[in-house]
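These protein sequences, in sequence, are chains A and B. Okay, so the first sequence: first residue is 1 according to our numbering, each after it adds one. Okay, so the second sequence: first residue is 1001 according to our numbering, each after it adds one.
Rather than coming from a laboratory, the hints here were simulated on the basis of the structure. Watch out, some of these pointers could steer you wrong.
[As the list claims (entries may be wrong)] Label-pair distances were calculated between CB atoms; the ranges are: (1) B:Thr1072 / A:Pro40: 23 to 31 Å; (2) B:Thr1083 / A:Trp10: 31 to 39 Å; (3) A:Glu59 / B:Arg1045: 17 to 25 Å.
Here the structure is a predicted model, which means the values were calculated and not measured. Glycine included, every Cβ here is placed at the ideal spot set by N, Cα and C.
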Amino acid sequence: GAVVSQHPSWVICKSGTSVKIECRSLDFQATTMFWYRQFPKQSLMLMATSNEGSKATYEQGVEKDKFLINHASLTLSTLTVTSAHPEDSSFYICSARASGRAADTQYFGPGTRLTVL
Amino acid sequence: LAKTTQPISMDSYEGQEVNITCSHNNIATNDYITWYQQFPSQGPRFIIQGYKTKVTNEVASLFIPADRKSSTLSLPRVSLSDTAVYYCLVGDEGDSSYKLIFGSGTRLLVRP
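Produce the entire structure from the sequences given, and follow the hints as far as they go.
Put into structure tokens, the structure is as follows:
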């Protein structure tokens, strides 16, 4: 299947700092990318959907000023956690699909473990 | 809200066939059914996707009845390494794009 990468795979930061996570589709162009968050023993929660070249659409309850998403190219989306706090510690997973069509498979990255001290 | 319902957990033994059934009573005409596998601290891995009838690949089969209100993932001869969480997903027409909302998944434990 298609490959989606994330960088870094893990990050530890101090409270109040900002952290950027990159998501890349390596062998296909992704018009649509998604960001999820997963807490221990829980399912994935969709945070936002981004289409290349346009603003991200955030799910209810997700602060857009805190979780900045940029989808500047067809192979790269970034999530910046601004002024991170310990409650932002989580496993962040991106995914990508070639288009917005239902038939297109959505592929997931390996995830990024964020720990905020 | 997730559009699917599946058992919270299942137990099996090595070498057995495992069938996990998922209900999606409100599936839309253009929805596909997709199954993923997730190991701890990893992103979900695509297993199989289908629209109707039966789909088979090298790792699994997916059975979808004519009314498409449910689907069954079949894993032949499971091994210990198949212990994972399995998610059944049907898309959601969002404001900007077709998106996948995860339910709780099925935690499969394969015993020796």
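Would you list, in rising numerical order, the hints stated earlier that this structure does not obey? 2
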